[in-house]
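Visitor: We have chain A; now place chain B onto it with these hints.
Number of protein chains: 2
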Amino acid sequence: MIAVIADITVKDGSGEQFEAVIAELAEKVRTEEPGTVLYQLIRSKTDANSYKFMELYQDGAAIKAHGTSEHFQAAGKAMAPFLAGAPQIEYFDAL
Amino acid sequence: MIAVIADITVKDGSGEQFEAVIAELAEKVRTEEPGTVLYQLIRSKTDANSYKFMELYQDGAAIKAHGTSEHFQAAGKAMAPFLAGAPQIEYFDAL
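Taken in sequence, the protein lines are chains A and B. Residue numbering for the first sequence follows the UniProt record's numbering, beginning at 1 and increasing consecutively. Residue numbering for the second sequence follows the UniProt record's numbering, beginning at 1 and increasing consecutively.
What the hints contain is simulated information worked out from the structure, not anything from laboratory work. Everything numeric in this text was worked out from a predicted model, so none of it was measured. Just so you know, not all the hints are guaranteed correct.
[Claimed, not checked] Computed list of lysine to any residue pairs in SDA-like fashion (alpha-carbon distance at most 25 angstroms, straight line):
(1) 64/A with 68/B
(2) 45/A with 68/B
(3) 45/A with 34/B
(4) 45/A with 33/B
(5) 28/A with 40/B
So that you can see chain A by itself, here it is in the shape it has in the complex:
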């Protein structure tokens, strides 16, 4: 499996709107991406604007399916106004 951790910072006051976009996206990921094992949004307990995604994929093909999906690209556009900067994405081997 491949793990991904994406760090995202939102603009002040945009948390709720951002979370609403992601809730919809996560539901689509859950139902339409059989190769995505985990797609979990988490919010820092010390900085309310600081989020991470914890993601697990069966393989590279699953990551590609996720990244090229209509729902992911639509969510990318929908969340853009709420982001304070580009997401920082790191890839890992899941052991």
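Guide: For chain B alone, kept in the frame of chain A given last:
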């Protein structure tokens, strides 16, 4: 749910031994901690000494059960010689 991300750096050449300790621990977590939803060790693709744990717990009681368990404390001792420094642990709300 509560999410935890723990960052761990191991000493050069200690990766395999560290991973062996964690494989045993993860099995005990899986079978003996009903409140632990995810306990996943991941290794950076760019720095072989850099690991993270992606962890999800049902609630605070589950985190406490994990931290006070015999198997976690035994693993803590077993992994100590392989660590290049203290783990960095951050807590999150899982949304």
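Visitor: Which earlier hints turn out false for this structure, listed by number in ascending order?
Guide: 1
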